[in-house]
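K.L.:
Listed here are the chains, written in short residue letters.
There are 2 protein chains.
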Amino acid sequence: MLERLREECYLNLNPLQTGGRTNAEIRKTALQFVDGYSVCDYCQGVLHLIEKPPICNLVKELVEFLDMDEARLTLGAREGKFIVMHSLLLPGDAIVFDANRHYTTYIAAESVGAKIYEVESIGYPSFEITPEAYRKTFERVIKETGAPPKLALLTHVDGDYGNLTDAKCIGELCKEYGVPFLLNAAYTAGRMGVKGKELGADFLVCSGHKGFGVPGTIGILATTSKWVEKVFRRSSLYDKKEVELLGCTARSGSLACLITALPYIKERVKGWDEEVKKAQWFVEQMEGLGGITQIGARPTQHDLVRLETPILREISKTHRKKGYYLYYELEKRGITGLKPGQTDWFKLSTYGFTWDQVKHLFTAFEEIVKES
Amino acid sequence: MLERLREECYLNLNPLQTGGRTNAEIRKTALQFVDGYSVCDYCQGVLHLIEKPPICNLVKELVEFLDMDEARLTLGAREGKFIVMHSLLLPGDAIVFDANRHYTTYIAAESVGAKIYEVESIGYPSFEITPEAYRKTFERVIKETGAPPKLALLTHVDGDYGNLTDAKCIGELCKEYGVPFLLNAAYTAGRMGVKGKELGADFLVCSGHKGFGVPGTIGILATTSKWVEKVFRRSSLYDKKEVELLGCTARSGSLACLITALPYIKERVKGWDEEVKKAQWFVEQMEGLGGITQIGARPTQHDLVRLETPILREISKTHRKKGYYLYYELEKRGITGLKPGQTDWFKLSTYGFTWDQVKHLFTAFEEIVKES
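From first to last, the protein sequence lines are chains S and L.
Going by this note's numbering, the residue at position 362 of the first sequence is 362; the numbering climbs one at a time, nothing skipped.
Going by this note's numbering, the residue at position 371 of the second sequence is 371; the numbering climbs one at a time, nothing skipped.
There may be inaccurate statements among the hints.
The list that follows gives simulated cross-link-like pairs (lysine-lysine, DSSO-like), each with its CA atoms no further than 30 Å apart [stated by the list, open to error]:
hint, chain 1, residue 1, chain 2, residue 2
1, L, Lys-332, S, Lys-321
2, L, Lys-60, S, Lys-115
3, S, Lys-52, S, Lys-230
4, S, Lys-60, L, Lys-230
5, S, Lys-332, L, Lys-28
6, L, Lys-321, L, Lys-277
7, L, Lys-195, S, Lys-150
8, L, Lys-317, S, Lys-339
9, S, Lys-241, L, Lys-28
10, S, Lys-52, L, Lys-317
11, S, Lys-230, L, Lys-317
12, L, Lys-321, S, Lys-240
13, S, Lys-136, S, Lys-52
14, L, Lys-175, L, Lys-195
Hints listed in this document are in silico derivations from the structure and should not be mistaken for laboratory results.
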């Protein structure tokens, strides 16, 4: 049998996975709806209008939770980004997005044949993305093409540095230039409260399996009234079916799980400040060991943190297990989620840990550094 | 808590769901890999090359099982069709597909802006799709556009009548006209053995949650060597990532479930003849009641059967529960999956039932007809 006991037996640090950890209740729903097409028992032809299980209520609650006007389920954040780009852009149209974007932002734009303009970060060591850099890029697009870009995307928190960017300010800038604004909230919505319209977002994409504690694949694409007809346009032949969604997207148990998860998610975002404190405390302690530095905006405003760890690389040079020692030393202490062999730097997330677990985590690193 | 006990407490007749029924072992895997991004523990950047869980082996075995050269996971059959169309077609390019196609075939073509040419069936009551009708449509495309279509799609077994079409003959025709041939095997692969290259398919799409007994959403897109570079082309910036897949598709526990399921699927397709016998026996018995006729190719070669049932509609006219009586009478006998209120006609599937269950099913209808 295929086994995986990562969350049961370890503290898992993999930032990709900590926001997608399921709780017991969600696991029960997952088993109830495990069979293929399980959510379609009472379908009348439109996924987001199904009443049993109450998908129609879920969608209404998501709209409110995310402060948008309309929402649909997607198969993930990347699929949501593709849908927006495929709806708005023709080949050759200009798109602007930040250099810290997830690779799928680039690939989705490549897939629709858009002309890509990247907003540079301020570089090492903080890699912050400023509104000013967006303005500069908009001006560049106007100069080169004679018009503003057809779409701008911002990665609300990126997956490399965990930088929380000033979405509101960039949202206002987009409005000033008349550029539709897509906010990728895969690393924020479901962890922290994200209010799309307050941030000026025309489109908001979220990831269920990355940020809402549910099995994948499932995401959310929310938008404002203005864009509903464009992005969720109906088929010329099948009046109920939305073209860009290919009719139905998350036609699986993940959807039932998201229904079960939402009340819990609404509660957990209230604890966000405490999550940030834990991450900040952990970074501070780690830097106190010497030879360890947090990269990215400081102090971190997110649970995903990137550390440069020359001291750990030094140890690897003389350790009999070479670069792999760190992975095994952590594993011995019930910790997993770093890439085996990596010691120069790594990303980790303390999301959802108790203070005791965060302290255990630091103690583990402290021992590894001091014992070596 | 959200409850769903359809498979545990009922004989479920919904054709959409019978091929996606999970067994106990698959359910165990589903729970082990329930967390978001669970299959990504040991990812080196390419989903289909992950060694733990053994996704790379799965893909190799799928290629062999489906008699193709290469395969990738997708998020479902419809997503596979879209990927092929988005790779091969430019707006305005001609695509040919059968009138019995799933609605998503039409919508995927609409989404890429293709010019649609539909191959007519021979109409009521068998609705069969003939190779001759494909030839006629190819000729029509050539006459109107000066060239053969850029893609032809055939629905191997359709979801309306359960007609098994002569894919091999249409595959040969495609070769004759130099038209790439996409076979939608959502209702065949995983139920019956499907040998893609033997049927002349350039592309084969399958549905995990519809035909391989696993949770969704997951599908398979298999192709021949000739098309690998076109359909699975890599990103200009991210050499490992395939553009049309947006990098990774089924990044979820469904993938682990497919690994667990495949040995069982390889066994179950061997029982296909018996599945067809059960469906044929059931149809014969039902027609013996009078006022019930199977629509579609006869005798049926698939578990999905469509029955016209004027006798049941007659009963509904005087029944105090009106059209809903059938649903409730079946439910009383532990049977579910028909649409509540429907009596004129319905689709059902006997897939995976034992002979005793098929007999119970017939007895239920017999009682309902005779007692009313």
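K.L.:
If any of the earlier hints don't hold here, list their numbers in rising order.
P.N.:
1, 2, 4, 6, 7, 8, 9, 11 and 13
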